[in-house]
Amino acid sequence: MRGALAMAILLLGAALATPAAAVLPSEMLANPVLEARARTISKELRCLVCQNESIDDSNADLAHDLRVLVRQRLVAGDTNAQVIQYIVARYGQFVLLKPPVEPETYALWFGPGAMLLLGAIGVVVYMRRRQAALDAPLSAAEEDRLKRLLDE
Amino acid sequence: MARKLIYLLPIAVFAVLAAAFYAGLGRDPAIVPSALIGKPVPQFALPPLLADKPGLATADLKSKPVLVNVFASWCIPCREEHPLLMHLARDGVAIYGIDYKDQPADAKAWLGELGDPYRRLATDMEGRVAINWGVYGVPETFLVDGTGTIRFKQVGPLTIDVIDRKILPLLKSLAR
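For the record, the sequence lines run as chains A and B.
Under my numbering, think of the first position of the first sequence as 2, with each following residue one higher.
Under my numbering, think of the first position of the second sequence as 38, with each following residue one higher.
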C-alpha cells in the first residue's frame, strides 16, 4: 500500500515536471508582470549558440546576455513586439523559433498542405476515372471477345 | 502528348527537390546569415584596450574600407586565425579589433605573444556592443566599406580561402 502510494506520488511528480529553465534568480525582474512577459519573449527566441534551445532554456553565455537584454528593454518600456524586433534586427528572422508567415516562408507554412491537396486531387481523379471505366458499357470488340472466351 | 507529359511531372518534382537538398548538404547549419549585411554599422563607442592605441566608435568606420575583427584571448579559433590577420595587416589592410568579454591583462598578454595586427583596438567587456553587431560567437570578422555599411561577415575563423575569394576581391572593388 505504501509502495503504491509512493509510486503514485512519483508518477504524478514526473508527469508534472517541466524542463528546467535556465533563468537565474539574479536575472529576474522584481516586477512579476514584466518578468512573466520576459519569460514569454525568451521562450520565442532561439539561442544562436545551441540553436535548438530557446534563450529561456539555454545556459549559454550569450543566452544569459540576451535574457538580461530582453529584461532591460522591457524595463525601458518596450512592448513585447518591440523587444522581439530589437533582437531580430540584430540576428535576423532565424532567432524566431516560430517563423512568421510572410512570402519568404510561404513554402514552409503552406507547402505540406499544398502537397496533401495535390495528392488528394490525384486520388480523386484516379478513383473517378476508374469508376467511369467500370461503368462504361463494353465496346463491340470487347463484347465479341467476351463471347468468344465464354464459349470456349 | 500532354497525357504523356503528366507522367514526367513526379520525376521533375523529384529532380527539383533532389537539387535543393543537394545544394543544402554543403551548407553549415551552424552559420546564421547575418541580418546586418548591407546595413550601417550599429551606433556604439567602446573604450581602448591599450593606452597607446585608440578605441572604436561608429564614426571611425566611415572613412575607408576596413575589417572589424571580434576576438578574445580565451577563444581557441581566434588563435588559429591570428597569423592570417598579422599577414593582412602587413599587406596594408586596415583591421580594427573588438576584444570580446575578455580580461584586459589576458588580451594584452595575447597580443604580446602573437603580435598586434589592429590599428584600433577596443574592449567590449560586457559583450553588449557585440550583440548590436549580431555577434553570436568569436571570432567574427566584418568588412565595412567607406560609408560605414557592413558588406560581408565571416562567422568563425578567417581562412586563406575566404580571404582570397571573398575579402580581398571585395576590398579591391571597394578601393576603386
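There may be inaccurate statements among the hints.
Derived SDA-like pairs: lysine to any residue, alpha-carbon spacing no greater than 25 Å straight-line [what the hints assert, rightly or not]:
| hint | chain 1 | residue 1 | chain 2 | residue 2 |
| --- | --- | --- | --- | --- |
| 1 | A | Lys99 | A | Leu70 |
| 2 | B | Lys76 | A | Leu30 |
| 3 | B | Lys138 | A | Val89 |
| 4 | B | Lys138 | A | Leu30 |
Take a look, some chain A residues computed to stay more than 10 Å from chain B by CB distance [said to hold, decoys possible]:
| hint | residue |
| --- | --- |
| 5 | Gly4 |
| 6 | Ala7 |
| 7 | Gly14 |
| 8 | Leu35 |
| 9 | Glu36 |
| 10 | Lys44 |
| 11 | Val50 |
| 12 | Leu63 |
| 13 | Asp66 |
| 14 | Leu70 |
| 15 | Val76 |
| 16 | Arg91 |
| 17 | Gln94 |
| 18 | Lys99 |
| 19 | Gln132 |
| 20 | Pro138 |
Simulated from the structure, these hints should not be mistaken for lab results.
All residues carry an ideal CB built from backbone N, CA and C; glycine is no exception.
Cross-check of the supplied hints:
{"no.": "1", "hint": "A:Lys99 with A:Leu70", "result": "20 Å, holds"}
{"no.": "2", "hint": "B:Lys76 with A:Leu30", "result": "33 Å, violated"}
{"no.": "3", "hint": "B:Lys138 with A:Val89", "result": "22 Å, holds"}
{"no.": "4", "hint": "B:Lys138 with A:Leu30", "result": "24 Å, holds"}
{"no.": "5", "hint": "Gly4", "result": "48 Å, holds"}
{"no.": "6", "hint": "Ala7", "result": "45 Å, holds"}
{"no.": "7", "hint": "Gly14", "result": "36 Å, holds"}
{"no.": "8", "hint": "Leu35", "result": "20 Å, holds"}
{"no.": "9", "hint": "Glu36", "result": "21 Å, holds"}
{"no.": "10", "hint": "Lys44", "result": "19 Å, holds"}
{"no.": "11", "hint": "Val50", "result": "6 Å, violated"}
{"no.": "12", "hint": "Leu63", "result": "6 Å, violated"}
{"no.": "13", "hint": "Asp66", "result": "6 Å, violated"}
{"no.": "14", "hint": "Leu70", "result": "6 Å, violated"}
{"no.": "15", "hint": "Val76", "result": "15 Å, holds"}
{"no.": "16", "hint": "Arg91", "result": "4 Å, violated"}
{"no.": "17", "hint": "Gln94", "result": "8 Å, violated"}
{"no.": "18", "hint": "Lys99", "result": "17 Å, holds"}
{"no.": "19", "hint": "Gln132", "result": "19 Å, holds"}
{"no.": "20", "hint": "Pro138", "result": "23 Å, holds"}
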